[in-house]
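Novice: Please model the complete structure; the sequences and the hints are all you need to start from.
Residue numbers for the sequence shown follow the working numbering, beginning at 14 and rising by one.
Here are the computed lysine to aspartate or glutamate pairs in the EDC-like style, where the Cα-Cα straight-line distance is at most 16 Å:
hint: 1; residue 1: 532; residue 2: 502
hint: 2; residue 1: 435; residue 2: 502
hint: 3; residue 1: 532; residue 2: 501
hint: 4; residue 1: 435; residue 2: 501
hint: 5; residue 1: 391; residue 2: 359
hint: 6; residue 1: 412; residue 2: 343
hint: 7; residue 1: 392; residue 2: 358
hint: 8; residue 1: 535; residue 2: 437
hint: 9; residue 1: 535; residue 2: 502
hint: 10; residue 1: 535; residue 2: 501
hint: 11; residue 1: 279; residue 2: 268
hint: 12; residue 1: 325; residue 2: 526
hint: 13; residue 1: 391; residue 2: 358
hint: 14; residue 1: 435; residue 2: 534
hint: 15; residue 1: 392; residue 2: 359
hint: 16; residue 1: 532; residue 2: 437
No lab work stands behind these hints: they were computed from the structure.
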Amino acid sequence: MRSAREFALDFRTLAAGAGWNERALIDHYRCGLREDVRRELACRDTTLHLDQLVDLSIQLDNLLASRGRPDRGPLVPSSSPLDPTPMELGGAGTRETGGETVPCTRGDRRGHTAGRCWGGFPGSRGGRRNTGGSSQVSRHTTHPDPPVAHMWLSIRFPGFSPHSQHKALVDSGAAGNFIDRSLANRLGIPIVPVDVPFPIHALDSRPLGSGLIREVTVPIAMVTQESHEESISLFLIDAPAFPVVLGLPWLASHDPIISWQQRVLKGWSCQCSGRCLGVSLGATTVESPNQVSTMHIPPEYADLAIAFCKRKATQLPPHRPGDCAINLLEGAALPRSHVYPLSQEETAAMETYVAEYLGQGYIRPSISPVSSSFFFVKKKDGGLRPCIDYRGLNQITVKYSYPLPLIASMTESLLGARFFTKLDLRSLYNLVRIRGGDEWKTAFSTTSGHYEYLVMPYGLMNAPSVFQSFVDEIFRDLHGRGVVVYIDDILIYSTTRAEHVSLVRTVLGRLLEHDLYVKAEKCLFFQQSV
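Specialist: Dropping the structure here:
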């Protein structure tokens, strides 16, 4: 027998999407209560608002429970054997109230009643098993389902749809994390089969969709509420009304601070600090794709703020004429390195790195015969810097002899300038694609799998020269005329402020034309010396 508190929680969840006025909600809420609670309410004020009615019904239910509930049964005989159990939303039949059939308020499917909804509440149940380390819902439930609570959050998948917001249902009654198949297909998210299909059911034991979970996404980056980034795998279900469902495993993993009364996420637990909030794995880690911050941008360039966007910089760049080619010496033996053992801390960092880069589209699973080792080195601040040992590949690669600029020559061109601006490019080598067909040569092995790069990784012998050639081509007409570029550092110099503003705007516009972006927090504007 459900309590009024449990009933009220589920009622509010469903009512939020019903679009009914308060009078209709009050009538339906009263009808859903047990007979003894309705009887007590009938003796009270009938002009209560919905919130007051809910609070009073809970108080009365608690009072009846404390003094022992008399088994008096309903005052009116049941009008139909299909009447749902009291205090159950989504029973096995329709509910008659005032001569009208109560419509379903769940999701966006119309033309059916609440009792005949496709899956009752979005919560699901089943059994847990392990497949490749990902959490999966359990097949058997040996205890009653606990009261469930729901709320909606805004999420993004930066590696597949950087600018599109999606709605995720946070559901404590769901035993797994899910994504609608049509959404996954539309975004192009990679999908792999589970080892063994397993059943998935709604709370009323009816199968959801085909009734079996057969596929799961690869680990992908997901940003929640524009501040929280994680790697997550989602099971595929056919549920367009619920694009993404974050269930109990997600809640247990992150333990977010939620006001269920207000249906608002208040904050994140301490365990998310440094792991999901501002994760950093060193120079080769893609930064969290947050909103553009204008804090460091002078007003003269405010209309070009998109050039400083972190989110844009994490997208897979297009193929260009300056793609990184990897030409091998004829007849050379391909490198085959071994997998380095990693500590527990390093394993967690490696999994995060791989998940981020898969999510961004920077790497993909590989079947290449080439294998370079993956490992970490400690940074001065104690963090971990991921490294790939490309020495074997570099030894058999034809050298690209494009020259890097001479610092002395660059310094001479600055004589007489009074204003300086320094721009720092985001993502550096990852801004350049590997030439199509050469990706297999960048393959590296980890304890979790074999992958290859689609973008130019750090550690390739020709990477500095390839990148210098790439940026030189973009700014060729400006070299020595107020602009010098050394790999990812762009220095702009002028004799007057007006000339300087105009030239900086030209450079920012040129960067945008080529899908390049800069770090506002590392830029220096209107400097008087360098």
